[in-house]
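Participant: The lines below spell out each chain.
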Amino acid sequence: MTIISGLLVGFGASLGSGCTSGHGVCGLARLSRRSIVATAIFFSFSVISLYLGRHIWQIIP
Amino acid sequence: MMSKTGNVVIALLIGLLFGAGLATSEMTNPGKVQNFFDFTGHWDPSLLLVMISAVVTNYIGYKLVFKRSKPTKDTKFHLPDTRLITPQLILGSAIFGFGWGLSGYCPGPVMAAVTYGALEPILFTLAMLGGFYLRRQMTRVGV
Numbered sequence: 006m007t008i009i010s011g012l013l014v015g016f017g018a019s020l021g022s023g024c025t026s027g028h029g030v031c032g033l034a035r036l037s038r039r040s041i042v043a044t045a046i047f048f049s050f051s052v053i054s055l056y057l058g059r060h061i062w063q064i065i066p
Numbered sequence: 040m041m042s043k044t045g046n047v048v049i050a051l052l053i054g055l056l057f058g059a060g061l062a063t064s065e066m067t068n069p070g071k072v073q074n075f076f077d078f079t080g081h082w083d084p085s086l087l088l089v090m091i092s093a094v095v096t097n098y099i100g101y102k103l104v105f106k107r108s109k110p111t112k113d114t115k116f117h118l119p120d121t122r123l124i125t126p127q128l129i130l131g132s133a134i135f136g137f138g139w140g141l142s143g144y145c146p147g148p149v150m151a152a153v154t155y156g157a158l159e160p161i162l163f164t165l166a167m168l169g170g171f172y173l174r175r176q177m178t179r180v181g182v
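Respectively, the protein sequence lines represent chains S and U. If you're matching positions, the first sequence starts at 6 in our numbering and goes up one per residue. If you're matching positions, the second sequence starts at 40 in our numbering and goes up one per residue.
This is chain U alone, in the form it adopts within the complex (with noise of 0.2 Å):
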């Protein structure tokens, strides 16, 4: 059993190899994220690849890890439970997607893009953490 600090490492580690990928994929660069988007203008398909080539990787790398009775530095695998289509999952998706359209920030870009130093990311982000509490309060009173 690794100690706390060792997973606090190794979570570290693979933040810093996330936030690198998005940098290197400018998933961070919203102008061209919306490029994507942009099918009636100039049409800039490379996040396709991006997409495609994340989706590869991580399902050769569940092959792999979901052969494992356990992860190694947990008692069990943490997945999602439900596999019902809910009304939630469906409206929820739709705001998202209208928001990064609109933008062109995600929420693991965006938190990347904020070492860049410029305003819009920061505000960008603060907007975003409002958004998650909004939606936690909406929770609370059983919304």
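Bound conformation, chain S alone (with noise of 0.2 Å):
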């Protein structure tokens, strides 16, 4: 579990061309339209795979 998910968050945010800090943070004190569309995007896929891990699968306590 925590080997998928360490392959997806460096996937991702390599794909992604950035994490939360660097979309989250960065990208969102400089107004810039890619880091909103990404920080709304991952923050909206977290609260979708907690959700599923937590209350659906129950994989994560």
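No wet-lab data here; the hints were simulated from the structure. Among the hints, a few may not be true.
[What the hints assert, rightly or not] For each label pair, taking beta carbons as the anchor points, the in silico distance ranges come out as: (1) U/113 / S/61: 46 to 56 Å; (2) S/60 / U/179: 33 to 43 Å; (3) S/60 / U/85: 20 to 30 Å; (4) U/95 / S/9: 29 to 39 Å; (5) U/110 / S/62: 38 to 48 Å; (6) U/107 / S/49: 35 to 45 Å; (7) S/57 / U/48: 37 to 47 Å.
[Claimed, not checked] Covered by chain U, according to a simulated footprint, are these stretches of chain S (three or more residues, beta-carbon under 8 Å): (8) 13 to 19; (9) 37 to 43; (10) 47 to 60.
Where is the CB? At the ideal position from N, CA and C, for every residue including glycine.
Mind assembling these two chains? They're in different frames, but the hints should get you there.
Facilitator: Given below as structure tokens:
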């Protein structure tokens, strides 16, 4: 689980050109349109995967 | 012009400050980060404040920094040169977000969390480096 999510985070941050710090903190502070889109998408998907993992699949405590 | 060593020292100090900020705000605590995503369970809104204060601090910082024609230790600012919303940006952000929700770790905080000595952040960091490598290989073959 740790390894799969690590791969997803590494691959996704690389493909999407940024992470929480890059898009979420630096990009938003520069009012970058790409970063606003990226941040909205990754927060939404975090909420979705946590919901699935914790409440549906029950693999997250 | 500063020496290369001077730049390294500055980078170290900035890294130290960033790491201390991540640890203090508990971004390095994956359970707390996951509770921030948990709207239907025990939602913990405190990381919203972390995010807002980080963005406001940077916004003010950038206003001051970009008044300069160039950085003090470089010949020019290195900013992203694309403004396009590409499929890569959308797909990459979705994949990244999915992994972030499952684990509670994102790249900066997990590297700070490695110092706690537990196995999980170390494993995660290695897998994350694997993810970076995979993407680089794909770029190389033109995907």
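Participant: Please flag the earlier hints that this structure goes against, numbers listed from lowest up.
Facilitator: none
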